[in-house]
Amino acid sequence: MSQHILITYATRRPYRQVPIIPNGAYYDHAKGYWLKDNEPLVLSTGGPVTKKCDHETGEDQKGE
Numbered sequence: 031m032s033q034h035i036l037i038t039y040a041t042r043r044p045y046r047q048v049p050i051i052p053n054g055a056y057y058d059h060a061k062g063y064w065l066k067d068n069e070p071l072v073l074s075t076g077g078p079v080t081k082k083c084d085h086e087t088g089e090d091q092k093g094e
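Basically this note's numbering = 1-based index in the sequence shown + 30.
Rather than coming from a laboratory, the hints here were simulated on the basis of the structure. Among these hints, one or two may not hold up.
Stated by the list, open to error - Each pair of labels, with its calculated beta carbon distance range:
| # | residue 1 | residue 2 | range |
| --- | --- | --- | --- |
| 1 | Ile37 | Asn68 | 36 to 44 Å |
| 2 | Ser32 | Ala60 | 18 to 26 Å |
| 3 | Gln47 | Val72 | 18 to 26 Å |
| 4 | Leu65 | Ser32 | 43 to 51 Å |
Because the structure is a prediction, the values reported are computed rather than measured. Beta carbons are placed, not taken as given, at the ideal position from N, Cα and C, and that holds for glycine.
Please build the complete structure, drawing on both the sequences and the hints.
Put into C-alpha cells, the structure is as follows:
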C-alpha cells in the first residue's frame with residue numbers, strides 16, 4: 031500500500047524550547063505582530079513564522 035503524498039513529502043524539524051528570533055526583531059503588543067527595522071517580520075525572507083515567532087509547520091505538534 032502506498033503512502034499518502036503529504037506523508038511522503040512531509041519534513042520534521044526538531045522542537046525548540048526557545049524559538050529562534052532574528053537579531054533586532056521585537057514583538058509589538060499594540061500591533062500584535064513581530065517587527066524588524068520597523069517593518070513586519072512576515073515580510074522577511076527568513077522562513078515562515080507565527081506571531082509568537084514559532085516556526086510554522088502546518089501541523090499541531092503539542093506534546094512532541
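Tested hints:
no., hint, result
1, Ile37 to Asn68: 36 to 44 Å, "holds (41 Å)"
2, Ser32 to Ala60: 18 to 26 Å, "violated (50 Å)"
3, Gln47 to Val72: 18 to 26 Å, "holds (23 Å)"
4, Leu65 to Ser32: 43 to 51 Å, "holds (45 Å)"
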